[in-house]
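Please take these sequences and the hints and turn them into a complete structure.
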Amino acid sequence: MTRLFQFLVDGVSTGAVYARIALGYVIIFKASEVVTFAHGGVLAVGGYMIWYARDRWFKGGGQGNFWLAVLVGLLVAISLSVVVERLFIRRMQSKSASIIGICILTLGLDVILETYSNYGVASSGKELLDLDNPWGLGATSVLGVRVSDARIAALAIGTVVNTALFLWLKYTDWGVAMRATATNQEAAPLMGIRLGRVSMVAWAIAGALATIAAIFLSAAPSPGFDGSTGDWRSKPSRQQSSVVSTHHAARSPVG
Amino acid sequence: MAALYAVALYVPFSVEQRNWLTPLNLAMAAAVGAIGLNILLGFAGQLSLAHPFFVAVGAYGYSFFSSGYDPVTRGVAKSDRLSGVGLHPLLSTVVVLMLAAVLGALFSPIAGRVKGIYLGIASLGLVFLTDHLLQNVKGVSGGFNGRRVPVYDVGFTSIEKCRPKECIVSGVPFGQPEKLWYLLLAVVTLSFILARNMMRGRPGRALQALRDGETPASVMGVNLVRYRAAAFMVSAMFAAMSGVMYALANGNITPAEFGVDTSVAFLAMVVIGGLGSLGGSIVGALFVRILPDFITRHGEKIPFVAAADNPNGLKPLAMARFIYGGTVIVLLLFEDGGLAGLLRRARRAALRVRSSERRVVLVRGLAGQVDP
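One line per chain: the protein sequences are L and R, in this order. Taken in order, the first sequence gives residues 10 to 264; the numbers are from my numbering. Taken in order, the second sequence gives residues 6 to 377; the numbers are from my numbering.
Simulated from the structure, these hints should not be mistaken for lab results. Please read all numbers here as calculations on a predicted model, not as lab measurements. Hints are supplied without guarantee of correctness; some may be wrong.
One side only, chain R facing chain L, incomplete, derived with CB under 10 Å [unchecked claim]:
#, residue
1, Leu46
2, Val100
3, Met103
4, Ala106
5, Ile334
6, Leu336
Cross-link-like lysine to any residue pairs, in silico, SDA-like; alpha carbons within 20 Å at most [claimed, not checked]:
#, chain 1, residue 1, chain 2, residue 2
7, L, Lys179, L, Ala197
8, R, Lys120, L, Ile108
9, R, Lys120, R, Thr27
10, R, Lys120, R, Pro221
11, R, Lys120, L, Glu42
12, R, Lys120, R, Gly209
Note that the Cβ used here is the ideal one computed from N, Cα and C, for glycine as well.
Structure representation (structure tokens):
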């Protein structure tokens, strides 16, 4: 019974992390109709930046420094996403390029981003980069079961982030604008929604989500961030199911 | 093109170039795969990431069908020995191609009905399947460590190592890589001609029609599902052939070489060479495959690249990835036809007259322009 509970917590927390990644793909797809293969790369770069900030600028100290590093990573990932959106995606869209062309472009981007992240890991001389997160490798006893702290944190923070996102989508102006764009991209500008802005915000959010996911991906199962954290192995399966189902359901990012 | 060919024929005779033979052989193998992917992506407009699956089918299938009972012994337990069927190499190549066609056909309910980008995502599934299968079907694939490929030994086209002093052609000892080079070159030529004729004929035009607009195409009588599935199958067969060549060129195959990275590399080859340009695919394949070796050998002159043992600085493979990733992006943003397109522009600018040739192939760039 306790085993079951343990599996449950493990599974749900890991699922929450992957769900966040999938959410990133879906938000981008819904806002700009692009399946971005570069998401893994953004994740990798975001995570690497967190480590970099942690290692170079905010070494030691307790929680405060860790969260500062996370902030740096988030900023980098967000600006990266926005730059990608503006510089590349917009360009291609204004030339009315085919979707496949844009997607291949994102593939190229992903190659560059992941290579950069791998290079970063390699040049640090270590195999795994420790993000030095506040929950470390400890484990607490919950209801008589030892659960790793990292998982609890993943679950907790994940829930907070997801809830915040849903509330934002539901109640704020921006959120409504994004849902409207997702529902009907042609009618939205008629209602006064600026598609460019929405697109940009979508990519930014996706970048942020990816970075947060990167934190937890490197917390468990194997502690530390290595070259394969942004890798394809696990992401696309989530991506596939989420994008395909979203398209067919034709629902908002919340779906 | 002819000039390139002459150079290609000459290659083993020049000592300087001979060092390049192994990567060049690998590039030739990739070229066939790139041609296949170009048929699917450049002509039919379908994004498929499943190429490595079929390449693996080719490589592993060939090893399986043509090796006899593989005597990888010396302390290996009986249960670990790899199985084989021991067919004649040419026969096993044919069998493997048929196998690839069958597998492509099995996938065709998806390949035929799923459009463009979604095919890309679905085909990703195949690539992961590859990795999983190859690691786990140990009796056939040798699991993580892979298996050796039996040397091609067919009559006069055999590439068995020859004893020194026995096969010297104009002063150049003709060892294995040299003979393999000619063999692969012949195969590439055949594939190119085959693909070109296919694309110039009715199937080619049907594929381009369905790429450029599905409704008009079906109005003109192109059966969308059938042609999409057919394009997928054909490209699968080219990929399998590429796998066979790769196995021969490499001598040893492991599951690691058939992952998503290979998938992206093939796409890069096709885009860099030029979608819709078969000759371009060959050039693209050369570019992508040779780049890491090129960088390794001339590493000192290239900034950022580190020597082999220096941890600070890019490894040649990483630098090569940056380069071809960046090239893909730049090409997609600016020049659609890839290298072939650039060549076309240059030629037109040089001639400054409208080309009087009637071009059958309309290359519609990925960014929407039509480049006649």
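Status of the hints after comparison with the structure:
Satisfaction of the interface hint for Leu46(R) is found here, the shortest Cβ-Cβ separation to chain L being roughly 8 Å, below the 10 Å cut-off. A hinted interface residue such as Val100(R) counts as satisfied when its beta carbon comes closer than 10 Å to some beta carbon of chain L; here the least separation is about 31 Å, so the hint is violated. A distance limit of 10 Å between C-beta atoms decides the matter here; for Met103(R) the minimum to chain L is near 29 Å, and the interface restraint is violated. Hint status for Ala106(R) relative to chain L: violated, with the closest Cβ pair at about 25 Å, above 10 Å.
Taking 10 Å as the C-beta contact cut-off toward chain L, the hint placing Ile334(R) at the interface holds, the least distance being around 4 Å. This hint holds: Leu336(R) has a C-beta 9 Å from the nearest C-beta of chain L, less than the 10 Å allowed. The hinted pair formed by Lys179(L) and Ala197(L) meets the criterion: a straight-line CA distance of about 16 Å does not exceed 20 Å. Between the alpha carbons of Lys120(R) and Ile108(L) the distance comes to roughly 11 Å, so the proposed pair stays at or under 20 Å and holds.
At most 20 Å may separate the alpha-carbon atoms for a hinted pair to count; Lys120(R) and Thr27(R) exceed this at roughly 38 Å. Among the hinted pairs, Lys120(R) with Pro221(R) is consistent with the structure: their alpha-carbon atoms are about 16 Å apart, no more than 20 Å. Of the pairs offered as hints, the one joining Lys120(R) and Glu42(L) holds, with about 14 Å between alpha carbons and a cut-off of 20 Å not exceeded. Our distance criterion of 20 Å between C-alpha atoms is met by Lys120(R) and Gly209(R), whose separation comes to about 18 Å.
Against the hints set out earlier in the document, violations occur for numbers 2, 3, 4, 9.
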